[in-house]
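Full structure from sequences and hints, please.
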Amino acid sequence: EDQVTQSPEALRLQEGESSSLNCSYTVSGLRGLFWYRQDPGKGPEFLFTLYSAGEEKEKERLKATLTKKESFLHITAPKPEDSATYLCAVQAGNYGQNFVFGPGTRLSVLP
Amino acid sequence: GAGVSQSPSNKVTEKGKDVELRCDPISGHTALYWYRQSLGQGLEFLIYFQGNSAPDKSGLPSDRFSAERTGGSVSTLTIQRTQQEDSAVYLCASSLGARPQHFGDGTRLSIL
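So the sequence lines, in the order shown, correspond to chains A and B.
The first sequence stops at residue 231 when you use my numbering, and every number in between is there.
The second sequence stops at residue 1034 when you use my numbering, and every number in between is there.
FYI, nobody ran anything at the bench for these hints, they're computed from the structure.
A portion of the hints provided could be inaccurate.
Heads up, simulated EDC-like pairs for lysine to aspartate or glutamate below, C-alpha to C-alpha not over 20 Å straight-line [what the hints assert, rightly or not]:
(1) A:K189 with A:E165
(2) A:K162 with B:E990
(3) A:K189 with A:E175
(4) A:K199 with A:D122
(5) B:K937 with B:E1007
(6) A:K183 with A:D159
(7) B:K979 with A:E175
(8) A:K199 with A:E178
(9) B:K979 with A:E165
(10) A:K162 with B:D1027
(11) A:K162 with B:E966
In structure tokens form, the structure reads like this:
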């Protein structure tokens, strides 16, 4: 069964304190791994797609990396506005929707 | 706006009533998804529409749940004889083929 776990469940950082969020997955036939940001009361907002091990994507203070078993979302010098829940999802299988979402990491960045 | 639109944004109803939730996807997006998000939980897949193909209903939790997509655009998720465990945020997303999904802000459903 395809599974996605995320750690930590919650993370509190001081402004400027860099850290990483983890997404571990077990799937049959990874087609893509997706990172989303979700603010309270809002729908998830797409950040990155990664397709193969070794791939990296960057956007402002965020950098996503992918290995065969997990993905990391590195946050460099975070600001309070980076506070949100970060969701990881994998798309697996040969067809159809087959997206599996992780439970998310709640990030709080304190000024 | 050009994003995914969902209505109503909030819905409070009594146990046993039927509810309809609406999703207007991004124009031209061929794929449409419904998810359910309970407090502190990940997104739970409900149903997927792709073009004119038969929908993937494998995530619907019971036969009280149904969805349709008219004209390849607007979709309605219907929950019949609502139960308290149906309380959640119902999210709709659309995408162009296999590209990343774009989400609406959801309908917050509360069953009294």
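Point to revise | Hint numbers not upheld by this structure, sorted from lowest to highest | key: 1, 2, 4, 7 and 9
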